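A.B. asks: One-letter residues, chain by chain:
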Amino acid sequence: MTERVSYLRELTKGFLRENPTLRLVLGTCPTLAISISVTGALGMGAAATAVLLCSNVVISALRSVIPDKVRIPAYITIIAGLVTVVQLLVKAFLPAIDAALGIYLPLITVNCIILGRADGYANSHNIPAAACDALGMGVGFTGALCLMGAVREVLGAGSFAGHSLPFWGTTVSPILIFLLPPGGFFVYGLLIAVANRISQKKGKPTAEEAGCAGCVCAASCPDGKKNKGGDTA
Amino acid sequence: MPKPKKTTAKNNAIAPADNASPQKDNSSAVADSKESVVSAILRPALSLFLISLVVAGILALVYNITKEPIAQALAREANRARQSVLPAAVSFETKMAPGGETYDVAYDAAGSVIGYAAQTKAKGYGGDILVMVGLDPDGAVLAVQVIACSDETPGLGQNVKKESFLDQFAGQRGPFALKKAGGRIDGVTSATYSSAGTAAAVNEALRILDSVRTKGGLPS
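As they're listed, the protein sequences go chains A and B.
Numbering-wise (the working numbering), the first sequence opens with residue 49 and increments by one.
Numbering-wise (the working numbering), the second sequence opens with residue 4 and increments by one.
Please keep in mind that the hints were generated in silico from the structure rather than gathered at the bench.
Keep in mind that this is a model prediction, so the values were computed, not measured.
Any given hint could be a false lead.
As the list claims (entries may be wrong) - DSS-like cross-link-like pairs, simulated, lysine-lysine; straight-line CA separation at most 25 Å:
hint, chain 1, residue 1, chain 2, residue 2
1, B, 164, B, 182
2, B, 98, B, 182
3, B, 70, A, 139
4, B, 164, B, 183
5, A, 139, B, 164
6, A, 139, B, 183
7, B, 183, B, 165
8, B, 126, B, 70
9, B, 165, B, 98
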């Protein structure tokens, strides 16, 4: 019973409490770059979630085999391999998604969320827990990306998922800056503030406190270890 | 914990005189250092090698499985682009222009030439703009499509993809220039570089196709 409850916790923590984009502030480069449309955000989120799930499971399964000394190169090799597999499959069977994501698809390799979860979580937890963590984080990443994509696309382009809206965008011209990089930062900052506010109401730690456990250096950082212990307890 | 072990072993080997019983400690230190070589170098190297080997094997497998579908998807995409500028065409034949560029000849159901298509690129604002140009046998532009302009500013330069801009080329003969440069193409607002780049790519396609048309002879 306690096991099941804790798996549920591992799954749901990525939705808001430890949302990788809004609370841990990881993987911001693809977040800012790809969130100009809902469709792109959804494709990016799905691809990253697939890679994250596979990498967390593989790394959790190999956690006693991979020597500590070469763990980062080993993780990167595994993640890069998985990303290339996903890229080949997307190119072959979903060329439209490949065209929408462009260079950001191969760049999932260096997405901090994936390496962060591998080194901060998967290498110290069993396979089901790592899979739950990956799913939760992936859904949290996708949700945050889609939320940003919706705000930016509606305000900046006057459309939603490629469909133009009735009034906005035709009668009133859209606010172009939301599609440009500065607009991305505006929306991102506001969403982080909202996520912090919601969490504060619940009496949960703020982004900086929660963020340490997800850090790549958490294993060698005393504060990170402390927080990581708190997470899993 | 291989690191501290190794340091102790080294210290012992370097300064055996400091020890009360150097003989005994020395031998254990040698065994220790042998073990630490294995755990410090061989084991990580071997496991990394094995991981790379497995990953490479999986990649080779997936590459072979997806090779055919990827080629098909690319061919479909190329065909879709050609078809978009020459909607009436039933079949295409890819040929090589004298300058080494490839172009397509479009045929109707009866097998007569109904037009030509060429894909060219020119520098826009942020990078290359890729266009597909369809020409009728007389040399007038049938349609222009922007295939890729992902480096142009979203909402400004990317508007060169819009029909309201591209329709200005249809039915016209080149070369094309923007109104700003004394031509007749109305550039996209706030996107002069992207507009001029698109026009330049169209001109390049006209240059390739004109040399082919005049050389190859027209079906009367």
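A.B. asks: All the hints need checking, so say for each whether the structure fits it.
C.D. replies: Hints versus structure:
Note on residue 164 of chain B and residue 182 of chain B: the hinted pairing holds, with a Cα-Cα distance of about 19 Å set against a maximum of 25 Å. This hinted pair does not check out: residue 98 of chain B and residue 182 of chain B have alpha carbons roughly 34 Å apart, beyond 25 Å. Restraint check for residue 70 of chain B and residue 139 of chain A: the C-alpha separation of about 10 Å stays at or below 25 Å, so the hint holds. Annotation: proposed proximity of residue 164 of chain B to residue 183 of chain B holds, straight-line Cα distance about 20 Å (limit 25 Å).
In summary, the hint linking residue 139 of chain A to residue 164 of chain B is supported, as the alpha carbons are separated by about 23 Å, within the 25 Å threshold. Between the alpha carbons of residue 139 of chain A and residue 183 of chain B the distance comes to roughly 41 Å, so the proposed pair goes past 25 Å and is violated. Distance restraint check for residue 183 of chain B and residue 165 of chain B: the Cα-Cα separation of roughly 20 Å lies within the 25 Å cut-off, and the hinted pair is therefore satisfied. Between residue 126 of chain B and residue 70 of chain B the CA atoms are separated by roughly 31 Å; this puts the pair beyond 25 Å, and the hint is violated.
Note on residue 165 of chain B and residue 98 of chain B: the hinted pairing is violated, with a Cα-Cα distance of about 29 Å set against a maximum of 25 Å.
When held up to the earlier numbered hints, the structure conflicts with 2, 6, 8 and 9 and fits the remainder.
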